[in-house]
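Colleague: Chain by chain, the residues run as shown.
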Amino acid sequence: MSEELKNKAKELLTNKKVDLIIGYQRAADGVLAAPCFIDSQDDAEKLIWDSYCVYNLASYLKDFPAKRKGIVVKVCDLKSITVLLQENQVKREELLIIAASCPGVIDEKRLNPLDQQAQEIVFAGKCKTCKTITPAYYDILINEPQKNDKLSEIGQDEYEPVRKLEAKSIEERFKFWESEFSRCIRCYACRQICPLCYCPKCVAEQITPGYFSKGVNLEGNLSWNITRAMHLAGRCIDCGECERACPVGIPLRDINKKIEKEIKELFKYEAGLSVEQKPLLSCFDKSDPEDFIK
Amino acid sequence: MLRIAQKEELQKMIDGFLADYEVIGPRELPGKGIFYQPITNAQDLYLGERFAIEPVKKFFFRPSEYLFEGGLKEGSEFLEGIPLAQNKRMIIGVRPCEARGLALLDKIFNTEYKDEAYVSLREKTILVGLSCQAPGKDCFCTSIGGSPVQARGMDALIFSAGSKYVIEIITDKGKDIFDTCPKEPDKEEIKAWESLKEKSNAALRKKIKIPESLDNIFESGYWGKVSSACISCGVCTYLCPTCHCFDLVDEERKKLRCYDGCAFSDFTLEASGGNPRPTKMERYRQRVFHKFDYFKKNFGEHLCVGCGRCIRHCPVKMNIAEIVDQAPV
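From first to last, the protein sequence lines are chains Z and C. The first sequence begins at 1 in the working numbering and counts up by one. The second sequence begins at 1001 in the working numbering and counts up by one.
Heads up, a few of these hints could be off.
[To be verified] Only pairs whose alpha carbons sit at most 30 angstroms apart, straight line, appear in this in silico DSBU-like list of lysine-lysine:
1) C:Lys1073 - Z:Lys67
2) C:Lys1225 - Z:Lys8
3) Z:Lys258 - C:Lys1032
4) C:Lys1137 - C:Lys1280
5) Z:Lys10 - C:Lys1032
6) Z:Lys175 - C:Lys1173
7) Z:Lys46 - C:Lys1073
8) C:Lys1107 - C:Lys1012
9) Z:Lys175 - C:Lys1254
10) C:Lys1058 - C:Lys1175
11) C:Lys1058 - Z:Lys175
12) C:Lys1137 - C:Lys1175
13) C:Lys1183 - C:Lys1107
14) Z:Lys109 - C:Lys1199
15) C:Lys1073 - Z:Lys201
16) Z:Lys16 - Z:Lys126
17) C:Lys1175 - C:Lys1225
18) Z:Lys201 - C:Lys1199
19) C:Lys1058 - Z:Lys109
20) C:Lys1137 - Z:Lys201
21) C:Lys1107 - Z:Lys109
22) Z:Lys109 - C:Lys1175
23) C:Lys1207 - Z:Lys109
24) C:Lys1280 - Z:Lys16
25) C:Lys1225 - Z:Lys201
26) C:Lys1073 - Z:Lys126
27) C:Lys1296 - C:Lys1137
28) Z:Lys168 - C:Lys1199
29) Z:Lys46 - C:Lys1296
30) C:Lys1073 - C:Lys1254
31) Z:Lys91 - C:Lys1058
32) Z:Lys128 - C:Lys1280
33) C:Lys1137 - Z:Lys109
34) Z:Lys261 - C:Lys1032
35) C:Lys1296 - C:Lys1209
36) C:Lys1164 - Z:Lys6
[To be verified] Stretches of chain C that chain Z covers, calculated by requiring three or more beta carbons in the stretch to come under 8 angstroms of a beta carbon on chain Z:
37) 1140-1147
38) 1221-1234
It should be emphasised that the hints constitute simulated quantities derived from the structure, not laboratory data. Note that the Cβ used here is the ideal one computed from N, Cα and C, for glycine as well.
Based on the sequences and whatever the hints tell you, model everything.
Modeller: Written as structure tokens, this is what we have:
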């Protein structure tokens, strides 16, 4: 599959269809993958495609304004591009989408920390409940998509962790999140890795007025993590990059999934399904539930 | 000075320390990793080979701390310092690279300029290290003046040797706390300890070359190329045992000092709106130059201890060791 990708990339660069290709290369350790930016035929040799290609490369699109960008995407990453298109953050004509059939990606955090060599591939949580196999749209498709039997076990509930949390009492829930957020170091990796966190000035950086403490304390950490999640309400497509990037293992996907679930139940809305659908929080529908207005 | 103790004896000693000290050490949080936390008994300690995610830096140069409070009280102005550390602390299980990181931070916070908060925490704390026997694949301490068995910056260093621990006592503070452990290793045990040290050093395989100076490649296109994957987050700087940049913020009537890092786009943003480091290229170059060029010129050694945290935890696998090793000088 990597060969097919390399050949396509060379062709695209030779024919000047794109200025650069955002893809994956082998990391310096020889095992994992790292993002790469290819602008010459020779460099196209570096491109790889396998289960180690965990990153959602859509967050790099903003780094190359006014360039024709080829981008290698998985099905889940494509949804974030859909939201970016919906929100007019990228131009479709500047994009050449290379959709790759996804074998499921590894759970980086489950690798042996001493050698990081996976004995047996442990798939990321998001892959285990991934239902989409065929990308909604693309310009080039690398290999026919196939369902990986090891993934997507039929009947597996993607909201299971959320339901477990919902079953707790408010006090227990608060204690749980208090303990998780107490480890937050405010490195903002969750924000920086997120393709949909593109505000030129983040609320966390504002000091006049400061909306919440910059300090690593319960108030600041709670406010930051909840604000981040709420700002992605109706937009997050669950690529799981925030949780993967978090160095201290805060289960950020659980918050994102909770909001996603509420929105699905209330508004029958799912983010990133089509460019044409109107963004949930920027439109109004008469049939929207309003029971909360008392 | 060397001592030797059975594993259970050391555990008993640590339980004894709990009466006089706040004891902090690595603990394993299942599924999350290793974190330094206060312990309540010696069983809590994780003394295996895995590294804590955050270095012990945070117990001296804190992620955020209030420095002073000032304002108007009953019509007159006041300025009060926040009380300094009072309690005796002991941190057990510190890795050689992290302790060396503190020795480097001392050059910033405890020489010409004395940072009261930092200095008081340093003075109140005893550091008991733990040598590394299976360094990670991202570790490169031996390329930068360190080693998995180095005791610099510590009061004592523990080596795990089968069913026993060899304790190397470095300072008077270290001597005081281990005076309850009278047994000295015999000739055989010393020989075994020396070969253990050799083995530990040999187990660290990653070697990199560090250029004498980076002066003539400041303008090189190399920095643009190697920084392109950087997402400008704070993982590398916050988890680094030697990064020490901070921001000062006013919160209510208190002055808060919190970590800041050169990777953030607003790190050098000026009030005018100008930014001397507008792109990732300038910011990443700054990080490399501060660590592998400027600091050496000012303080005689590099501001990196080769612990590999910035590599291990980088969300996009930026690898500073490779980047420095391959710098086109």
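Colleague: Of the numbered hints stated earlier in the document, which are not met by this structure?
Modeller: Hints 1, 5, 6, 7, 8, 12, 13, 15, 16, 17, 18, 20, 21, 22, 26, 28, 29, 31, 32, 36 and 37 are the ones this structure does not satisfy, whereas the remaining hints hold.
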